[in-house]
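Chemist: Here is how the chains run, residue by residue.
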Amino acid sequence: MSFFNVFDISASAMKAQSVRLNTTASNLANADSISSSIDQTYRARKPVFEAELNKASQAQLESAQVKVAGIVESDAPLRKEYYPEHPMANEEGYIFKPNVNVIEEMADMMSASRSYQANVQVAEAAKQMLNSTLNLGKS
Amino acid sequence: MAITFDKALGVHQHTVGVRARRSEVIASNIANADTPNYKARDIDFNKAFAAAKSKQGGGMQITNERHISGGNSQFAELGFQVPDQPDTGDGNTVDVQKEKAEFMQNGLEYQAGIGFLSSKFSGLRNAIKGGQ
Numbered sequence: 199m200s201f202f203n204v205f206d207i208s209a210s211a212m213k214a215q216s217v218r219l220n221t222t223a224s225n226l227a228n229a230d231s232i233s234s235s236i237d238q239t240y241r242a243r244k245p246v247f248e249a250e251l252n253k254a255s256q257a258q259l260e261s262a263q264v265k266v267a268g269i270v271e272s273d274a275p276l277r278k279e280y281y282p283e284h285p286m287a288n289e290e291g292y293i294f295k296p297n298v299n300v301i302e303e304m305a306d307m308m309s310a311s312r313s314y315q316a317n318v319q320v321a322e323a324a325k326q327m328l329n330s331t332l333n334l335g336k337s
Numbered sequence: 050m051a052i053t054f055d056k057a058l059g060v061h062q063h064t065v066g067v068r069a070r071r072s073e074v075i076a077s078n079i080a081n082a083d084t085p086n087y088k089a090r091d092i093d094f095n096k097a098f099a100a101a102k103s104k105q106g107g108g109m110q111i112t113n114e115r116h117i118s119g120g121n122s123q124f125a126e127l128g129f130q131v132p133d134q135p136d137t138g139d140g141n142t143v144d145v146q147k148e149k150a151e152f153m154q155n156g157l158e159y160q161a162g163i164g165f166l167s168s169k170f171s172g173l174r175n176a177i178k179g180g181q
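The listed protein sequences correspond, in order, to chains A and B.
Everything in the first sequence is counted per our numbering, starting at 199 for the first residue and increasing by one.
Everything in the second sequence is counted per our numbering, starting at 50 for the first residue and increasing by one.
Quick caveat, the hints were computed from the structure, so don't treat them as lab data.
Keep in mind the model is a prediction, meaning the values are calculated, not measured.
Each residue gets a CB set at the ideal place from its N, CA and C atoms; glycine is no exception.
Treat the hints with care, since some could be wrong.
The calculated label-pair distances, taken between Cβ atoms and stated as ranges, are [said to hold, decoys possible]:
1) B:66 / A:312: 29 to 37 Å
2) A:270 / B:66: 55 to 63 Å
3) B:137 / A:301: 16 to 24 Å
4) B:145 / A:282: 48 to 56 Å
5) A:243 / B:140: 18 to 26 Å
Computed footprint of chain A on chain B, listed as stretches where at least three residues anywhere in the stretch have a Cβ under 8 Å from a Cβ of chain A [to be verified]:
6) 81-92
7) 128-138
8) 164-175
Pulled out of the complex, with its shape left as it was, chain B reads as follows (with noise of 0.2 Å):
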């Protein structure tokens, strides 16, 4: 009757990372939001939930010490944005109002992932106190 992590922390553990992945691409877009030609860029959730589940790495594996690492960055879950306003010229698709948002709720729902997680923790704590 052994707890596993794993199962025990449920889905969690793995929205939380990709929720942190997602702010790091968010805060690149905001950061570049003054850059002539940057594409705005975004994390597709859904599929890099799905690959955080699957423990895919994304980039290649290494099987010998001697290979160049292939990175971790996930390639199909990260795309370009479409943008919704014409090109105002200098060819830069950053929506700052948008990427402000976008951050805001990305950092509430990895804030929620959190504290599901804790709550998982307490639990845990809980059953191995017996209660006490």
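So that you can see chain A by itself, here it is in the shape it has in the complex (with noise of 0.2 Å):
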């Protein structure tokens, strides 16, 4: 039955999406935690998607699930401030930020929770049309 097939690629991509959301917020929520060296200093996080073809079986290479291949850490400059008086700063006076983007965190959110949108109205129209199939006949 095709159609618990669109519940699992939606709840893939759903899955995917809700890990986008929280490598954003983590970002987010990090992105002013100052430290005094580079190792130390929080770096964005990103998840990367990959399409799952089933091939294990070959019934189900139509369809394709989402699959989050891993999570990255941004290797954009670190945003490196001089501010001696700043307790957390190095002997040369120097303070490091992360490399979050807050503008392109927000997109990156917006976008995501847009997806999840989408993938939980596939389902819903999927959950119908199965729905009035189990119907057919009566009446």
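With the hints as a guide, bring both chains together as one complex.
Modeler: Below, the structure written as structure tokens:
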């Protein structure tokens, strides 16, 4: 039955988008976490999506679920600031701020929640289609 | 004067099946709208319908129990969409707005097919009961 596959596909996409929302929340929350060395500074995290073609069973070749292949840290340069009075400043008087771009994160958040909604709608529509199939012949 | 369901139900039993499969393909496109290098796909309705009517499974027939299943995926009907916008940089060709509209339309056509089937059934029931 194809509709059960639709539920699986939408669920996988919803899961992937919620991972994306989670990383965005984590990035925004840590946008101002200051540290005194490059190694200890928070770096923006981004999930990497991958289409998962179920090659094991040929019957499901038509559909592709979404898989989160991993979460990578952004290698954009950290923001280095000269702030000798700051308690976290290192010997040279610098503090390090995370490479989180707040505007980018906000745009990402909206995109993720939109995609999530789209997949909820798909599952809802599939549910209606399945319901009308189950009610076939009654009346 | 036997009633065969095949004749009584007409084409709608096949269209509904093809619509159901197509909904799966479109759901897959929408789900992978943010996946890099994913290419949008679709089912050629005419080919799929013809195959469903002639009862060709598409995959290979299993004539021995030790054969590996060829699956029921019909490669002839499943194709990649030609993108109508330039590549946005991540190799993804899904146009979410278009896919959502297609999914909605496909769903309505499915409901229409179910509606036809439903009226066929009530017609049969009416004939069996003799209008009582």
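Chemist: Just tell me: holds or violated, for the beta carbon distance of residue 243 of chain A and residue 140 of chain B against 18 to 26 Å?
Modeler: holds, 22 Å
Chemist: Could you check the hint for me, namely that residue 137 of chain B and residue 301 of chain A are 16 to 24 Å apart, CB to CB?
Modeler: holds, 19 Å
Chemist: Check the following: the C-beta atoms of residue 66 of chain B and residue 312 of chain A are separated by a distance inside 29 to 37 Å.
Modeler: Check passed, 32 Å falls within 29 to 37 Å.
Chemist: Taking the beta carbons of residue 145 of chain B and residue 282 of chain A, is their distance inside 48 to 56 Å?
Modeler: holds, 50 Å
Chemist: Can the stretch 81-92 of chain B be counted as covered by chain A under the rule of three residues or more with Cβ-Cβ separation shorter than 8 Å?
Modeler: As far as the stretch 81-92 of chain B goes, the hint holds, because 9 residues have Cβ atoms under 8 Å from chain A.
Chemist: Examine the stretch 164-175 of chain B: at least three residues should have C-beta closer than 8 Å to a C-beta of chain A.
Modeler: Coverage by chain A holds for the stretch 164-175 of chain B (4 residues, Cβ < 8 Å).
Chemist: Confirm or reject the claim that residue 270 of chain A and residue 66 of chain B have a C-beta distance inside 55 to 63 Å.
Modeler: violated, 42 Å
Chemist: Do three or more residues of the stretch 128-138 of chain B come closer than 8 Å to chain A, measuring C-beta to C-beta?
Modeler: violated (count 0)
Hints 2 and 7 from the earlier list are contradicted by this structure; the remaining hints agree with it.
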